[in-house]
Amino acid sequence: MNAMSAGDRVETAFVPTARHWLVAIIGFVLLLAGGLYRSHQVLFGAARETAEQQLQAVAALKSQEIQRWIEDRLIFLSQPPGSVMSQHFARLLQQPGDARAAAGLRQRFRYLQQTIPEISAIGLHDLAGRSYLADPADDHLRDDTLHQEAVQAMLESRRPRLVDFHRKAGREGEVVLDLLVPLFAEGETGRLIGYALFEIDPARVLYPMVSQWPVPSATGESLLVRRDGDEVLFLSPLGRQAGAPLKLRLPLDTPGLISGMALHGVGEVLAGRDYRGLAVLGVVLPVGQTDWLLVAKMDDSEIYREARRNFAWLTAAGVVLMAVLLLLGRVFSAALQAREQEARFRLLAESGSDVVWLYELASRRFAYVSPSVQAMRGITVAEALQQTMADLLTPECHQHLDRELERWIAAVDTGQEAAASRHYELVQPRKDGSLIQTEAVMTLITDAQGRVTHIQGISRDITERKRAEAELRKFLLSAEQSPVSIVITNLAAEIEYVNEAFVRTAGYSREEVLGQNPRILQSGRTPRSSYEEMWRCLSRGEGWRGELFNRRKDGSEYLEDASINPIRQPDGSITHYLAVKEDITERRATEAALAESEDKFRTIYDTIGDAIFVHDVASGSILDVNGGACRMYGYSREELLSLDVQGITADDPAFPPQAARDYMRRVQEEGPQSFEWMARGSSGRQFWVLVNLQIFRLSGGQRVLAVVRDIDGRKRAEQELQHALAEAKALNQRLAEAQSQLLQSEKMASIGQLAAGVAHEMNNPIGFVYSNLGTLDHYLREIFAIIAAYEAADSGPCRDCRQLESARQLKLEKDFDFLRSDIVQLLAESRDGLERVAKIARDLKDFSRAGEAESQWADLHQGLDSTLNIVWNELKYKCTVHKEYGELPLVWCEPSQINQVFMNLLVNAAQAIPKKGDIWLRTGRRGDEVFVAVSDSGCGIAPEYLHRLFEPFFTTKPVGKGTGLGLSLAYSIVQKHQGRLEVESEPGRGSTFTVWLPIEARPRPEEGAEAASAPR
1 MNAMSAGDRV ETAFVPTARH WLVAIIGFVL LLAGGLYRSH QVLFGAARET AEQQLQAVAA
61 LKSQEIQRWI EDRLIFLSQP PGSVMSQHFA RLLQQPGDAR AAAGLRQRFR YLQQTIPEIS
121 AIGLHDLAGR SYLADPADDH LRDDTLHQEA VQAMLESRRP RLVDFHRKAG REGEVVLDLL
181 VPLFAEGETG RLIGYALFEI DPARVLYPMV SQWPVPSATG ESLLVRRDGD EVLFLSPLGR
241 QAGAPLKLRL PLDTPGLISG MALHGVGEVL AGRDYRGLAV LGVVLPVGQT DWLLVAKMDD
301 SEIYREARRN FAWLTAAGVV LMAVLLLLGR VFSAALQARE QEARFRLLAE SGSDVVWLYE
361 LASRRFAYVS PSVQAMRGIT VAEALQQTMA DLLTPECHQH LDRELERWIA AVDTGQEAAA
421 SRHYELVQPR KDGSLIQTEA VMTLITDAQG RVTHIQGISR DITERKRAEA ELRKFLLSAE
481 QSPVSIVITN LAAEIEYVNE AFVRTAGYSR EEVLGQNPRI LQSGRTPRSS YEEMWRCLSR
541 GEGWRGELFN RRKDGSEYLE DASINPIRQP DGSITHYLAV KEDITERRAT EAALAESEDK
601 FRTIYDTIGD AIFVHDVASG SILDVNGGAC RMYGYSREEL LSLDVQGITA DDPAFPPQAA
661 RDYMRRVQEE GPQSFEWMAR GSSGRQFWVL VNLQIFRLSG GQRVLAVVRD IDGRKRAEQE
721 LQHALAEAKA LNQRLAEAQS QLLQSEKMAS IGQLAAGVAH EMNNPIGFVY SNLGTLDHYL
781 REIFAIIAAY EAADSGPCRD CRQLESARQL KLEKDFDFLR SDIVQLLAES RDGLERVAKI
841 ARDLKDFSRA GEAESQWADL HQGLDSTLNI VWNELKYKCT VHKEYGELPL VWCEPSQINQ
901 VFMNLLVNAA QAIPKKGDIW LRTGRRGDEV FVAVSDSGCG IAPEYLHRLF EPFFTTKPVG
961 KGTGLGLSLA YSIVQKHQGR LEVESEPGRG STFTVWLPIE ARPRPEEGAE AASAPR
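Our numbering applies: residue 1 is where the sequence shown begins, and numbers increase by one.
Bear in mind the hints are in silico, worked out from the structure with no lab data behind them. Computed from a prediction, not measured in an experiment: that's the story for all the values here. By construction, the Cβ of each residue, glycine as well, lies at the ideal position given by its N, Cα and C atoms. Just so you know, not all the hints are guaranteed correct.
As the list claims (entries may be wrong) - Have a look at the derived ranges for each label pair, beta carbon to beta carbon: (1) T775 x L146: 34 to 44 Å; (2) P952 x S556: 46 to 56 Å; (3) D815 x E854: 57 to 67 Å.
Produce the entire structure from the sequences given, and follow the hints as far as they go.
Structure (structure tokens):
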């Protein structure tokens, strides 16, 4: 053995100094601070983005809901000329003591208050402001500036007017809205006679609509506000502090006030403070047709609660990690110092199973090998001392280690690297030829000049450890990659391990469940008996399997198929429990859906109108039928199962049994077959059917599915159609008829769209005519009673008898003079109503021009006015129509078709106006042409759509608002009249459609030829 000389020294291992640790700590702190800053940005940014999306959705929903509520009340409470309320009020103005008119109005009031429960009071006022039929307790108008301005605006515009939130006079604290509705006298002029005031209590519908928050939130709140001078006025109740509506006012320039910023036009999504002065995030949207703003807000404390908690956890984790690294650094430094001392003082220790060795680079031989080499490699110490490094290792391992040692020694010799220790895992052969895996800790030993002279090492057999690690790694990977949840608990029911599938299923992270009891997953739906049975089995050392209803971290529930077994050690003791659980929620849902689908299929199978037969492939016998087959053939199911195909086939040589067998054979060889067949029912009726055959598998065997449809009616229809086609004369005439029908269909579709408006226009005069007829009937009965009394007196013995006096008294009692004058008025009113109905009917006739399909000289102004009357109900609430008619001659055209063009342009113009606007009708003549221009102040048409406007079925309207044929047909009609249809539009400013027509269109050559060849 060679011993180490006193002059030899061992290079000490690198031990970090205080400066090294300080640099490392500063670097880690900077890295941690950067990571925390970025995490803070991500967490708080995501929280704000989520809150913004929720607030925008809530604000949009509520603002649209409030706008629809206002529009519905404006439409429902509007009183057109000749309405029941207008008629009764007109009579009350003429005769203030008219009890019938007053009773009719009160009945109308009760009906409206029952229909619209938020109406708390109704009052009628004439143009001078005098009140009629109003409850004195509710008549709080109303000479304040707010109502005076609203009444004046309503009278000038002749449209309903909403009076903003205000408090009722004499009732401090009660907030109401008033709706002023103009009342018009009957007749064409539409003379204003007064207005109705509907008092609306917002606490009944509007305030609940505003305050209700559609999603769970602790601080979410929505409010209505508006600007009042230099202040923000809160219109609705406050949800987060006591305060009645219209009580709270804040300066418009209050720092950070989100409603104030919105009124200054800063934007819709705002971060600032609310009326409490708390930090909030809000979305502010305007409410259409009002000066109100809808404010949807949420406290920052709720928005960023989860982000702050997660950031706190991240910060704590970073601090803990830094503390752990500091501790590990100290431990690592102490370990290196201990290893240096071990290298100096116990280099030649010969105890233990590890092999301690010293390798001399000069001789390339081992200077020392501990005796434990014999146990590890099966060779003696003497044999080991004669080996080189190449003899010690496998060739591949030696090549790799030789390169590593060469670079390491060169770095130490040149001073580039200190002579620290390195770890290597090696593969070494035993004497018997088997291979073992070893771990070697090597340290370079230098001389006084710093040159490496020896390699000192300690080798350990890690074959079993590697095998165990491989097995453990395999099992861990299997557990981690398992699709089912795996949970390991100790005997105290504390969770020690969960796999990734558990994390995905339960929603908890590993850190959240380790050390916890599995009861955190309990939902309360699992029967107590299941848990009792589980613990009985586990306490006996047996496994248990069953189903558990558990709850995820997010609160959702799921069903698991769980198998729990004890984990036994080699000595038989139980140390842990292993739970393998599979989420079967979707499986159960699929099973339920499959059962439901099967029920649906069975229902469809039995209720479908077609007959369904299942045949045996070989024999063709009937194996199953549905209810449709029983109904179609008139047999019961049992009777059909006892028959064959021939039994339900007509007695016709054209349909022999062999033909049926051929179809059975072909469906197997060629695939699905479809053919027509003559069938026979139980009554002997023969009828045509369409048979579709297809092969399918059922119960492991092949079957033929026959779907049979009764086409007897279709066959007869086909025969009739062939007969009708044979009688058709010419293709051009059919095309002309088809075009005419399409035009008429579009016209009728348009009239259908306007039917409700026309019916409304006709129902008003018809309603009061019907009412007048009832009154007239009563008057006539009283007059007939007077006449009968006079006739009885006239037939008496003398003219001065008591019967005559009785007749005179009856005449006075019945107020004959009033009856006579009122009958004349009733007849005049009824005649006026019937004339209005007749005018609408004439307008409809002029519009349709039924029976006038030929061209004629027509007055375009008359046609335009008739069409305007037809569509008036579509226009009157949305726009004001301005007529700028020029001088037009009569035009040679087909009036009904030109009227169709006018109607399409008018309706399109009205639909292009989103709220309120104007429509201009201009006419004129230029040379031999006339023009009719329809302009609107609507939304306009995008330039990319202008070239497609006249394509069939192209429309920019929402689904259900148009067919896409209107402009296409209008274009073809104008072209047919040798005219042109032009369009000018600018988005946001409106559109103008101009129809140009020649005064006298000359027939085209082809039209002349058709006219000459037409039958006379």
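Hint check results:
1. The hint said 34 to 44 Å for the Cβ distance between T775 and L146, and at roughly 41 Å that hint holds.
2. Range check, P952 to S556: about 51 Å between beta-carbon atoms, so the 46 to 56 Å window is met.
3. For D815 and E854, the Cβ-Cβ distance of about 58 Å falls inside the hinted range of 57 to 67 Å, so the restraint holds.
The structure fails none of the hints (numbered hints given earlier).
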